[in-house]
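**Q** Here's the letter readout for the chains.
Protein chains: 4
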Amino acid sequence: MRDVSAPERRYVITFGCPDRTGIIARISGFLAEHGGWIVEAAYHTDPDTGWFFTRQVVRADSLPFEVDVLREKFGVVAESLSAESNWQVSDTGERKRVVILVSKEGHCLYDLLGRVAAGELDVEISAVIANHPDLGDITRAHGIPFHHVAFAERKAEAFDEVRKLVAEHDPHAVVLARFMQILPADLCADWSGRVLNIHHSFLPSFIGARPYHQAYARGVKLVGATCHYVTADLDAGPIIEQDVIRVDHGDSIADMVRKGRDIEKVTLARGLRWHLESRVLVHGNRTVVF
Amino acid sequence: MRDVSAPERRYVITFGCPDRTGIIARISGFLAEHGGWIVEAAYHTDPDTGWFFTRQVVRADSLPFEVDVLREKFGVVAESLSAESNWQVSDTGERKRVVILVSKEGHCLYDLLGRVAAGELDVEISAVIANHPDLGDITRAHGIPFHHVAFAERKAEAFDEVRKLVAEHDPHAVVLARFMQILPADLCADWSGRVLNIHHSFLPSFIGARPYHQAYARGVKLVGATCHYVTADLDAGPIIEQDVIRVDHGDSIADMVRKGRDIEKVTLARGLRWHLESRVLVHGNRTVVF
Amino acid sequence: MRDVSAPERRYVITFGCPDRTGIIARISGFLAEHGGWIVEAAYHTDPDTGWFFTRQVVRADSLPFEVDVLREKFGVVAESLSAESNWQVSDTGERKRVVILVSKEGHCLYDLLGRVAAGELDVEISAVIANHPDLGDITRAHGIPFHHVAFAERKAEAFDEVRKLVAEHDPHAVVLARFMQILPADLCADWSGRVLNIHHSFLPSFIGARPYHQAYARGVKLVGATCHYVTADLDAGPIIEQDVIRVDHGDSIADMVRKGRDIEKVTLARGLRWHLESRVLVHGNRTVVF
Amino acid sequence: MRDVSAPERRYVITFGCPDRTGIIARISGFLAEHGGWIVEAAYHTDPDTGWFFTRQVVRADSLPFEVDVLREKFGVVAESLSAESNWQVSDTGERKRVVILVSKEGHCLYDLLGRVAAGELDVEISAVIANHPDLGDITRAHGIPFHHVAFAERKAEAFDEVRKLVAEHDPHAVVLARFMQILPADLCADWSGRVLNIHHSFLPSFIGARPYHQAYARGVKLVGATCHYVTADLDAGPIIEQDVIRVDHGDSIADMVRKGRDIEKVTLARGLRWHLESRVLVHGNRTVVF
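Protein chains in written order, with our numbering: chain R, 161 to 450; chain V, 161 to 450; chain A, 161 to 450; chain C, 161 to 450.
If we strip away everything but chain R, and leave its shape as in the complex, we get (with noise of 0.2 Å):
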C-alpha cells in the first residue's frame, strides 16, 4: 500500500541559542569535517530576542559514527555556543510512535488512521486511548490496541490510568483528537513538548467550549482550526498550524461543524507530521516551523 520508496536514513539536527557571527560556519564547519552530507538545511534568527535557529538534516551514511556518537561530539559544538539544552538530535531510522486519545467523534482518528495505512505518516500507531468505547472496532480492524477509559465521576482516576498507559510506549507524540478533555497540569507537564491539541477553532477566537456555536452567534464568515501544543492554559499553547475554510449565512452549526472538521483533520495532520520530522521548535509562546 506504500507508494514511495523509504527515504534512506537521516539525521535531524535542530539547535538554537542566542544569534552572533559564525554559527552557521561552526556547525557546517562541525559537519564537514567529518564528511556529513546535509540534504536540508534551514536558519532563521529572531530579531526581536536576539535568538538563532537551525534544523540541519544529514545523511546518516554520509558520517563515519552513529547517532550517540554524533549526538556526543554536536554537543560539544552546541556547548561553545552557549546553546544549553536547545537542541537535538533525532534519527529517521527510529520509527516514531503515536499514542492518540479521543472521545466520541472519529473524524481526526480515521483520517490518521487512513493516512498511516495509505503509508503517507509513516509512523507507528502504539495505542489509542478512549473516555469512550465507539471508535474501538475501526482502531482495531487496524491492527492497533484500543483502551477504553470511563472518566464518568473518576476522572482523577481515569487520567492516571492514561498516564500510564502513555507511558508503556514511550511515544514521541501525545496526539488529543478531540478528546474533549481538559488535560490536568501535571500531565501538561510531563508531556511537555510532545503533547499535541486539535482546537476547532481560529485561535485565539473561540477558546473553550462550543467553538462553532460561538463562531455562528459572532456571524464570522470563515472557520478554522488549530494545532497547537498543550500547556496547562487552555487553548493557549504555542500555535504549529492553523488553517481556515469559508462559510456562510446559508451555513448551519451542524454545516458548520462537518466544513471545520475538513480543516481539523488536516491541519492536525501537518502539525503532526512537522512535530515528527522536527520541524517544530518553540520559543516562548511561539513556534518556528522549519
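Think of the hints as simulated: they come from the structure by calculation, not from any bench. Incorrect hints may appear among the rest.
Identical copies look the same in the list; a pair holds intra-copy or inter-copy alike.
As the list claims (entries may be wrong) - With a Cα cut of at most 25 Å, we get these calculated DMTMM-like pairs of lysine to aspartate or glutamate: (1) Lys419 <-> Glu284; (2) Lys256 <-> Glu200; (3) Lys419 <-> Asp251; (4) Lys264 <-> Glu284; (5) Lys315 <-> Asp346; (6) Lys419 <-> Glu437; (7) Lys419 <-> Asp208; (8) Lys419 <-> Asp408; (9) Lys419 <-> Asp206; (10) Lys264 <-> Asp297; (11) Lys256 <-> Asp415; (12) Lys419 <-> Glu200; (13) Lys264 <-> Asp415; (14) Lys419 <-> Asp403; (15) Lys256 <-> Asp411; (16) Lys233 <-> Glu193; (17) Lys233 <-> Asp251.
Fit chains V, A and C to the given chain R structure using the hints.
**A** Chains V, A and C in isolation, oriented as in the chain R frame:
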C-alpha cells in the same frame, strides 16, 4: 457516532428551461397552492444561453401528497414551461446508494469510509469494486462488500463484470476514487450523469497520466484536484468542484503527491455530497452548483 | 478605461419577514403580474430565528412603471407579509455615492481609487476626509475633493465637521478606510447600516489597537482582515466579509503588516461592492450576503 | 507616507553549483572569516539534477570591505565550487529600478503605483511605457515619466523605441503589467532573467489570448494568475508565483475578469518583490524562490 439529528424528510426539485418572465411565480405558485413549505431555493439565469435553472427544497410533510403525486403534478408545470426532461424530483427519505471503484491507492476510499462511519456523509456505500485486492480488508472492516475484479489481460470482460456488479445496486452515484482505468465509452453512456471521477490536477492542466509529474516538470506553484462527471472525452467532462494547495521548490514529486491527496479527498467528498443532494445541474459542458 | 459595457438598469428588492408558506409565491407572483423579468433571485431562511430573506433583481424595462411606483406597490405586498421596515428597493440607475474617511495609511484608499479609475467599481467617490493631509495629492489627482480635518485636541469639533461634510453628500456608504479614530456613538447611530470599517484582524481575534502586534505575540500562522458595519461596540458590528493570508516565523511585524494589507484591500473592496449592490441584509448581529 | 523604517544595508548572495559535501561550510566559513553577520540564509538541494542553491543575506556593516571587494573575494569561493556564472551579489543599498510596460488596462499599474506611494514597495519606477495614452495622467500624477509609443502598423519600430527607452534606465526589472503585446525573441533574449509577465490564468491552463473566456467555456471553478519570466516561448517561461480565486456558475466572464484582477495584482506584486530581493533563482524552466 452521529452528531447531527436526521433532518426531516424533504423533496428536492431541480429544474431547467428556456428563460422567460414568470417562471419563479409559476413554480412557487404551484407549491404554495398545495401548502408547500420551501426551506431552500436557488435560481440562476445563464445570460449566454438564455436558460433558467432552479433548485427548490420543500418539506415533505407540508404537502398533502406523496412524492409520486408531486412528480406527476409538477410534470404538468414543467411541460407548460417547456422544460422537457430537464427536471427531477428527489426524495431525501430515500437513502442514497453509492458504488466506489478503486485501484490500489486508498486515500480517497479511506476518506469516504471515514465520513460515512462518522455519520457525516449519510449514504449507503453499497459496494467497493477494485482491480486489485489491497483495499479489501479495510472495506470489509466497515461492513461493506468488496469485489476484486482482475483486469490484467482481460479488460473487456472485467468491465462487463463491473457493469453487472454496479447494476445490481442501481446506485445514485458511481465514484471513480482513483480507479486508474479509463472507462469504455458505453459505460460512460450507461452511467451518464451519475459517474464522478477525481482527477489529480487542476483541469484542464495536466490531463491524462501522471499529472503530478507533469506539474513538477512545469514548475507550478500550486497543485490541484478536479471532481467531474465522466464522459467519453478523457478528463473533459463537466467540472463539479476544484481546489488547489500550495507547493514550492522544496517539494519533490512525492511531496506533491502527498499534499495533493488532501485536496483530492476534500474535492471528491464535496463533489459527491453535492451530486447526492441534487445540487449539481449540468448544462452543456458546465455545471450549475446550487 | 472601462472594459465592461454598462449593465442595463435594474431594480433590486431586498426583503425580510417572519417565515411562513407562500412568501416566494406572493413576491414572484406580484412581479409576474406586472411582467417583471427577474434576472437574479436569492432566498434564505434562518431556522434559528424563523426569519425569511430574499433579494430579487428585476430588469427596469420589464416593468410598466417607475421605481417610485414599484416601491409603493411593493410596500403593500411587504405589509401583507409583516415585513414592517425590513425591505428596500434600490435602483441601479442611480449612481452610488461613497465618502471615504482616512488617516495617513493610504493602501486602502489607493486601492479604491484604482478600482474606480479602472472602471471596475462603478461608484462616485464624493469626497475623501482625512485627519492628516498626507493623502491629499493623490486624491485630488483622481479629481476627487479632499478635506483635511485636524483632530488633535479638538476631537468633538472635528467629528462635527466630518458629520457636516458627510451630510452634504448623503452617501450610500461611509467607508472607514483605516481611519484609526473611534466613531462617537451618535455618528454610529446616524450612519447606521451604511458605515463600513476595515479592521486589520480576523475578528473576533485581536480587537482594538495594533492587531498585527497582538497577532505576532500570539504566534498565529494566518493574519486576516474583517469588513464590518460599525456599531457603538468597538469592532463588534455585523461582519460582511473576512479573509486571511498565511504568515510564518520568518515574518516580522512589518512583514505581517505588509501581507495583511493585501487582505485588507480586497476584503474592504468586496464588502463595499456587496453593500452598494444591496447584497447585504443585517439580521441581529449577523449578515446575510446574497 | 512610509510606515517602516529603512532596513540597514545588506548584501545578498545568490548561488548555485553542483551538489557535494561541504558547500555550506565553505560559504559560511568564508563569511565568518571576514566577520560577516548572516541575517537570512536559505538552502535547497534539487535531488533530480543534483544541484545545490543558496541565498545568504549579510549585514553590510559587518564586513570590512565594500560590495565590489566582496564580489571579487566571493568569486574565488564560487569558482572553487564550480559555480561558473551561477552566482551574484546584490546590494540593498542600491535602490532597484523598474520599467513598467502597459496597454490600456490599468489595474496592475494602479496597484504597483499605490504600493510604491504607500512606501510598501521600495523601488524607483523609472518609467512607464504604453502602447496607448490612457494611463498617462495617473502615472504622471505619481511623478513618473510616461512614454506613449504607438504600435499600430509599426510594431517593429515601436519595439525598437521601447528597447531604447528601457535601455536608458538599465532597470533591474522590466514588468509587462498586462502589456498585451508579444515580445520579439531578441528582446526576450536581451532582457533575459529580468523581464516579468503577469498572465491572467493559472498556467499551463489557458495559454494565449482571452484566458478568462477560455476558463468560462471550460467551466472551471477557480481562476488564477501566473507571474513568470518571459522567454521566447509564449507563456511558457519559468513560473515565479501563482494564485487562484474561486468563481461559480453565477459569475459571467466580466465577473471572472473582475475577480481575476485581484489575483493578478497580488501575484505580480509578490513576484516582482521576490525578483527585486534576489529571492528567485532560475534552474532550467523551474524556479527556486527563497
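**Q** What are the numbers of the hints that this structure violates, sorted from low to high?
**A** Of the numbered hints, all hold.
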